[in-house]
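Trainee: All chains, please: the whole structure from these sequences, using the hints.
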Amino acid sequence: MLRFTIPRDVYHGKGSIEALKTLTGTKAIVVVGGGSMKRFGFLDKVVEYLKEAGMEVKLFEGVEPDPSVETVMKGAEAMREFQPDWIVSIGGGSPIDAAKAMWAFYEYPETTFEDLCIPFNFPTLRTKAKFCAIPSTSGTATEVTAFSVITDYAKGIKYPLADFNITPDVAIVDPDLAETMPKKLTAHTGMDAMTHAIEAYVSTLNSDYTDPLALHAIKMVSEYLVKSYNGDMEARAKMHNAQCLAGMAFSNALLGIVHSMAHKTGAAYSGGHIVHGCANAMYLPKVIKYNSKDETAAKRYGQIASFLGLEPSADALIKHINGMNKELDIPSCIKDYEGGIIDEKEFLEKLPKVAELAVGDACTGSNPRAITPEVMEKLLYTCYYDTEVDF
1 MLRFTIPRDV YHGKGSIEAL KTLTGTKAIV VVGGGSMKRF GFLDKVVEYL KEAGMEVKLF
61 EGVEPDPSVE TVMKGAEAMR EFQPDWIVSI GGGSPIDAAK AMWAFYEYPE TTFEDLCIPF
121 NFPTLRTKAK FCAIPSTSGT ATEVTAFSVI TDYAKGIKYP LADFNITPDV AIVDPDLAET
181 MPKKLTAHTG MDAMTHAIEA YVSTLNSDYT DPLALHAIKM VSEYLVKSYN GDMEARAKMH
241 NAQCLAGMAF SNALLGIVHS MAHKTGAAYS GGHIVHGCAN AMYLPKVIKY NSKDETAAKR
301 YGQIASFLGL EPSADALIKH INGMNKELDI PSCIKDYEGG IIDEKEFLEK LPKVAELAVG
361 DACTGSNPRA ITPEVMEKLL YTCYYDTEVD F
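Under the UniProt record's numbering, the first residue of the sequence shown carries the number 1, and numbering increases by one thereafter.
Hints were generated in silico from the structure; no laboratory data involved.
From a predicted model like this one, the values you see are computed outputs, not experimental measurements.
Take these hints with a grain of salt, some might be off.
[Unchecked claim] Once the Cα atoms are required to be at most 25 Å apart in a straight line, the calculated SDA-like pairs of lysine to any residue come out as:
no.	residue 1	residue 2
1	LYS21	LYS183
2	LYS51	ARG39
3	LYS184	LYS51
4	LYS184	ILE341
5	LYS326	PHE307
6	LYS293	ALA267
7	LYS21	ARG3
8	LYS238	ASP176
9	LYS74	THR111
10	LYS183	ASP315
11	LYS14	GLY54
12	LYS45	PRO175
[As the list claims (entries may be wrong)] Simulated restraints on C-beta separations:
no.	residue 1	residue 2	range
13	HIS12	GLU81	31 to 37 Å
14	HIS12	GLU56	26 to 32 Å
15	ASP390	LEU205	27 to 33 Å
16	LYS21	ASP294	35 to 41 Å
17	LYS293	GLY339	31 to 37 Å
18	LYS14	GLU388	42 to 48 Å
Idealized CB from N, CA, C, for every residue including glycine.
Mentor: Here's what the structure looks like:
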């Protein structure tokens, strides 16, 4: 038996943030990131609309990119003090992901982070509050998914939390917010969306419910991402919808080892973080080549290529993605990432442990081709040096 879960309400289109006025409650806490939503006036709109809905409003500001365990705990404490019946998060994937985890600790102060790291092990939520998510970036789709990614900086690990309980009640997909994205962020989040859709389509848990969403999202990203990157705001609006559709697909079909690798390499190196969407973009062609040794996966990659009007093969899809990456100024390998900030010696020293952690990641189980830590080492090696996947 499979399950298909999305928010009860998805408001979309320009100006849809005004739907906040329709929420019913007495108190709302707004979880937000570093300040762009305030600078562009969207945070003020959120507060205004919630007050029009008759709610007392409290802000929890300053959620960092790649939110930490410590930030989650602080936010949960603020919620326990304020006792909101709505949690509203606005911004990129980071504040929304953080707010999802805060939600669990608000309602269940006695739970532990170790408990939540076990996939689909969350306690039943909505005993105190409902959740509304408003994304400002076009990639993570956390506004419609059962996932959250939290970083333990002390251990250098990103934890993907997974449970249908943390699927928001309301998603507001307003393209006005996406117009504020810088160019590089547009590229990285867009390729994150592409990876979500492709991995969902070839996942071992794909279904008749997820396939149409995944395929249409892939086609939209292929058509609109480069235009969006180059400043076309109509294309930017289309991308905001595309990433949401990809999210609906992968939240229910799950993902694969592109994400396993991105999760475990993101915070592993002293030189700096590998931005999640960029990691996905670099690793995706290598993983397609690896997975295409599996007959079923090869067939499904061919179906994606055919849907895009390409030769129906995994190699044609790889060529297409590499071409998009080039147009988006995304490097082909870790060695070239941000001018070479990931030290080669450190990468090689940490390779066995990172590979082991990647194989143990929650996303690995639904990948179409099995992988061992030893083979994962080889695959990550090809991602560092941009060498051929011939195994």
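Trainee: Check whether the Cα positions of LYS238 and ASP176 lie no farther apart than 25 Å.
Mentor: OK: LYS238 and ASP176 at ~12 Å, within 25 Å.
Trainee: Hint check: LYS51 vs ARG39, CA-CA at most 25 Å. Holds or violated?
Mentor: Holds, at about 20 Å.
Trainee: Please work out if LYS21 and LYS183 have their alpha carbons no farther apart than 25 Å.
Mentor: Judged against 25 Å, a Cα distance of about 32 Å means the pair is violated.
Trainee: With a cut-off of 25 Å on the C-alpha distance, tell me whether LYS184 and LYS51 pass.
Mentor: 35 Å, violated
Trainee: Taking only the CA atoms, is the gap from LYS183 to ASP315 under or equal to 25 Å?
Mentor: 28 Å, violated
Trainee: Are the Cα positions of LYS293 and ALA267 separated by 25 Å at most?
Mentor: 30 Å, violated
Trainee: Would the hint linking LYS14 and GLY54 be met if the CA-CA limit is 25 Å?
Mentor: 24 Å, holds
Trainee: LYS74 and THR111: Cα distance at most 25 Å?
Mentor: 15 Å, holds
Trainee: Is it true that the CA of LYS326 sits at most 25 Å from the CA of PHE307?
Mentor: 22 Å, holds
Trainee: HIS12 and GLU56, beta-carbon distance inside 26 to 32 Å?
Mentor: 28 Å, holds
Trainee: Taking the beta carbons of LYS14 and GLU388, is their distance inside 42 to 48 Å?
Mentor: 45 Å, holds
Trainee: Is the Cα-Cα distance between LYS184 and ILE341 25 Å or less?
Mentor: 17 Å, holds
In the structure shown, a violation is registered for the earlier hints numbered 1, 3, 6, 7, 10 and 16, in ascending order.
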